[in-house]
Amino acid sequence: MNLYGQYCPVARASEILADRWTVLIVRELLAGVHRFNELDRGLPGISRALLVERLRRLERFGIVERRLSGTGRPVEDRLTESGQQLQRVVDVLGGWGARWAFGDPRPTELDPVVLLWWIRRRVHRTRLPPGRTVIQFDFHGGRRGSYWLVLERTDVSVCLQHPRFEIDLRVEADITAFYRVWLGRASLGDSLRHGSVRLDGPPALVRGFADWFAWSPMAVAVRAAVTRSSAGSSGRPAAGFDGASTRDPATRARPRAEPPAARLGGG
1 MNLYGQYCPV ARASEILADR WTVLIVRELL AGVHRFNELD RGLPGISRAL
51 LVERLRRLER FGIVERRLSG TGRPVEDRLT ESGQQLQRVV DVLGGWGARW
101 AFGDPRPTEL DPVVLLWWIR RRVHRTRLPP GRTVIQFDFH GGRRGSYWLV
151 LERTDVSVCL QHPRFEIDLR VEADITAFYR VWLGRASLGD SLRHGSVRLD
201 GPPALVRGFA DWFAWSPMAV AVRAAVTRSS AGSSGRPAAG FDGASTRDPA
251 TRARPRAEPP AARLGGG
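Quick note on numbering: the sequence shown equals residues 1 to 267 in the numbering used here.
Everything labelled a hint here was simulated from the structure, so no lab data went into it.
Note that the structure is predicted; figures quoted are calculated from it, not measured.
Even glycine gets a Cβ: it sits at the ideal position worked out from N, Cα and C.
Where hints are given, some of them may not hold.
Unchecked claim - Computed spacing ranges between beta-carbons, pair by pair:
#1 P130 - R106: 36 to 44 angstroms
#2 R48 - P202: 14 to 22 angstroms
#3 R164 - A18: 43 to 51 angstroms
#4 E152 - G45: 28 to 36 angstroms
#5 R143 - S230: 42 to 50 angstroms
#6 R193 - C8: 49 to 57 angstroms
#7 R12 - P202: 54 to 62 angstroms
#8 C8 - R132: 25 to 33 angstroms
#9 C8 - E152: 49 to 57 angstroms
#10 G131 - S82: 40 to 48 angstroms
#11 A231 - R122: 27 to 35 angstroms
#12 G232 - T22: 29 to 37 angstroms
#13 D190 - T154: 32 to 40 angstroms
Please model the complete structure; the sequences and the hints are all you need to start from.
Here it is in structure tokens:
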């Protein structure tokens, strides 16, 4: 852990959270992922050894606690009260990123397995048709391939090989286009009209498809950022993430002078 040597709450929090992968691990835990193998699947690129080290460090700082999930079941990593409080931090960080740092995806970011793993967590199970529904996703552009979601009201599975069930619905999509739908940069309806996403199956399943998924937790922030960017001039949004004006500070009403120590901007 890197120590900043500053008696400041921002510095102290950064010492715990600002290392690579830590915030993304917290993001996954906040999304309800508690088992090590599931965390590993949702964080491609992190070594299992580093994931163990980051989890144990969060445990030492009282952000994560290990729990037995039941007789014969694996240990789960769950957020403590202080860890749950990081939901606001992740939301604000994601909102800032959606507005100021979120352009088109890099090719290396377009992983269909990760995308389907995220989608799996956001299924409205109560809205699914009775019984089993098997969706085949045929992605092109970037990493081509076919993948499957097996949907039931009691369980949702991602399959990298044909599940040997009858296919009920096929989704053919450009991987970039489907990421844009997932993240709120484009609507499913527009993508279907433009042909970047196609659905093939019984009309009832095609109509119901959009209602089965909640899409990304960041989709609302991304859509808001896209709307602001479209409404602003020269690509600059007209208002800050918190709704405050972003005009030049020199043009704002100046506050009363404060003692020098209060204007240092430190912790």
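Against the structure, the hints:
{"no.": "1", "hint": "P130 - R106: 36 to 44 angstroms", "verdict": "holds, 41 angstroms"}
{"no.": "2", "hint": "R48 - P202: 14 to 22 angstroms", "verdict": "violated, 42 angstroms"}
{"no.": "3", "hint": "R164 - A18: 43 to 51 angstroms", "verdict": "holds, 46 angstroms"}
{"no.": "4", "hint": "E152 - G45: 28 to 36 angstroms", "verdict": "holds, 31 angstroms"}
{"no.": "5", "hint": "R143 - S230: 42 to 50 angstroms", "verdict": "violated, 30 angstroms"}
{"no.": "6", "hint": "R193 - C8: 49 to 57 angstroms", "verdict": "holds, 52 angstroms"}
{"no.": "7", "hint": "R12 - P202: 54 to 62 angstroms", "verdict": "holds, 56 angstroms"}
{"no.": "8", "hint": "C8 - R132: 25 to 33 angstroms", "verdict": "violated, 54 angstroms"}
{"no.": "9", "hint": "C8 - E152: 49 to 57 angstroms", "verdict": "holds, 50 angstroms"}
{"no.": "10", "hint": "G131 - S82: 40 to 48 angstroms", "verdict": "holds, 42 angstroms"}
{"no.": "11", "hint": "A231 - R122: 27 to 35 angstroms", "verdict": "holds, 28 angstroms"}
{"no.": "12", "hint": "G232 - T22: 29 to 37 angstroms", "verdict": "holds, 33 angstroms"}
{"no.": "13", "hint": "D190 - T154: 32 to 40 angstroms", "verdict": "holds, 33 angstroms"}
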